[in-house]
Structure formats: C-alpha cells, structure tokens
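Going by our numbering, the letters in the sequence shown line up with residues 280 to 688, in that order.
Treat the hints as calculated values from the structure; they're not laboratory data.
One thing to keep in mind: the hints can contain errors.
[Stated by the list, open to error] The list that follows gives simulated cross-link-like pairs (lysine-lysine, DSS-like), each with its CA atoms no further than 27 angstroms apart:
1. K358 - K337
2. K390 - K450
3. K358 - K390
4. K473 - K409
5. K506 - K533
6. K390 - K533
Here the structure is a predicted model, which is why all the values come from computation and not from measurement.
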Amino acid sequence: MSTASILRSKTFKAALTLVVFIVLYVLIFPSGSDDSLSPEEINSMFQNKDEDLAGIKKVELTAHGLAPPYLDPNTLKPKNWDVSGTTIVRNNEFMRLTSDNPHQAGSIFSKLPIQAESFEMELTFHIHSKARELVADGFAIWFTDRKLPTGDVFGCQNNFNGLGIFVDTYKNGKRGQFPFVNLMMGNGATPYNKDTDGYETRLAGCTARSVLNPRSEVTKARIVYTKNGYFSLDFNYNNVADEWSNCVTLSDVKLPAIKYLGFSAETGDLSENVDLMENRMFALYNGNGGFIDSIEELQQISNDEAAREETSGGRHRVLKKEKSTTKRRTLKRLKNAEKRIKERERQQRKEMYGDENATLFYRLVRKVVFGLKLCLYTVAFVGVVWVASLAYRSRKAGKRGKKHAGLLD
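Using the sequences and the accompanying hints, generate a full structural model.
Written as structure tokens, this is what we have:
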C-alpha cells in the first residue's frame, strides 16, 4: 500500500483524530499531578512575598529576628536573645552554636515568647565540618513553653514541653539515612531516646543529606504554622530563590500557648560547626485583624479575592477576569492539596504504628492501657497460682490427717 493511500485511509484518519483529542485533553485537563498545590506552593502563598493576596497581612516579629550586627552596641550582648554554653558571636558574620571541636553544647533562646498564634519564619544557617562524612551530633529548632537549660538533646534539656525539630547528623540507631530531620512533640514527661534517634516519639521526618557542607555554604529553612494545627517545614539547599523542598507537612500540630523560640547544637566525640546567620519571622493576619486560622481560611481569602476581581469593572476588566480564573484554579488545587496532606499523614501513621489514628497522645494512651492490662493479667495469674497453691496445701494436709488417723486406730 502506497503512502498516499495510507494517508487517505479511514483507519489512519480515525487514529489521527484520536491522537489530536488525547493531546487536547491533556492540555486542557492536566493530570492528577497538577490538580493540587504542592506544600511548597501553599507555604509560598502563606508567605505572600509578592503580596498577591491582599487578604493576608504580615507583621514582622523583630524580637525573634536575627541579623548582623548581632550585638547591642550598648551592652555588647545579643539583642533579644539569651545565650548559653559554647555559643560564639562573630558580630558581622554569624552566631556559632558549636565549633568543630568535641563535647560542646550551645544554645540561644528568645527573651520574649512568640506573640503570634499563626506565623511564618525563614532561617538561614550553615552546618559544616572539615570532615565530609563522620560528624555529629546535630542542630535543633525549638518551640517550647519555656527557655530550655543546657542538656543532652542537641544541646538542651530532655523532657521538654513543645516542639523540637532535630537536624540529626549522626546515626545512633539502626533505621534511616542521615542527616535526618526528626520532629518530636514533647509533653514534658516523655523523653527523647538518643540511642534510637527518637524513633519511638517521631511525629514526622525527612532525609536531608544536602544540609551538611552545602555547596552554597548556607541552608534556608522555612516554617509555616497556623493556630488550628497546620505545620509545614521546607528547606532550600542551594540558596536559589523559591527553590524549596518540603520536608514535612502536618495538619494537627498544637504548639504551646506560650512558646519561646530557640536554637541549639551539640557535639560528641565527633563534631561540626553550626552557624546561624539570619532569621525573620512574621505574624500572619487576615483582613479582619485576626490570626489566619488554617488552609480553609487561605481558601476563603483566595475565593473572596477571585470573586472581587470577577465583579469589578474598569479598563483592566479582561486582565482581572484572567486573574480571577487563575485564582479559582488555585483554589481548587488548594482544596485537593489539603485532602492529600491529611491522607498522607494517615498513611504515614499507619506505616509507622499500624494505626492511621496513632497520634502521640493516642499512642501514649494505648501504652498506658496495655500496661494496665498487663498488670491485671499478672495479678490474675498470681491469684490463680495462689488459689491453686492453697488448694494443693489443703489437699496435702487432708491426706496427712487421714494417714495419722489410721495409725491411731
């Protein structure tokens, strides 16, 4: 069959039409990978650096900021921060929590608690060592109900109350690849177990290999938190604008009502430098002056602004309509993203603990119930053994009595 006859055939035309329809469908209705916003995109919306969302108001929390020069010229002490341990301040360069020497522990904690129920924070830091692989122990970001004294959990005291974010650079246990970022919600009683790298109390985590000796010589961490429990942590390893990589995103994190911000680090026999360069923190408000509550409120803000742009007239009506359509699309993806985050959380809990509802509180309650059951079973077993022992002794005594009675007769 000639090429011309193939091109004229009905089969070829039908196949060509089908291909065209498939291409058009893919272009108009993108696949599921694009029908929800990524955590990084959601966090950028909360950060609102370009001020695209007029319904988000940001107020900088300067009492929790870090920027050179770090020292107050009058007191020659760091502004707004209490410094402990081995922390060294290079006034125009960095605040070094630990140097590349063994057995050090340093920390800084904000003098004032965070005056915001919803906030976003961007930290610039650098973990580096002459050694390329064998380093220890790591670095921590804290949101706790009090300023923590020096201790053995990344430079701070154990049995803390609040959230600890541990950038762990040394593997003590058997699980995972390191450096590893581990989140723990402490209740003031449950300790962090160094021997297992905190596996039993892990809220969530991610591998962060690029955090050690990064080529760009800095790493950025971005945290977004809203008062109803949305918590997300991103890293930027290459110091390239908006090149964020999500570590964890959770929907049920509850920070203490009074919370201090802290940073700490610790070295053991192995060591590393941990330098803090800059920190900026902003309270997140809605248009009514209250703190942004959740992803749902972010959806509402986006929805309201899309509706406003649809109804407003003027010379740029076409442009506004296009913007509104884009925001409607973003809103739909935001809703899908929220569902995906919650589904992923449930799946992670199921994989880790065998139960999709296994929050830390639930796991602790389950352990207590298991302990009580074990005690009851033990008491019941001891009781049965005791009763059996009494019965055996009684029977033995009865036989002995009969035996003696026979001799007397």
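Consistency of the hints with the structure:
1. K358 - K337: Holds. K358 to K337 sits at ~22 angstroms (cutoff 27 angstroms).
2. K390 - K450: violated, 33 angstroms
3. K358 - K390: Measuring from Cα to Cα gives roughly 9 angstroms; hence the hint holds.
4. K473 - K409: holds, 25 angstroms
5. K506 - K533: This hinted pair holds, its Cα atoms lying about 8 angstroms apart.
6. K390 - K533: holds, 22 angstroms
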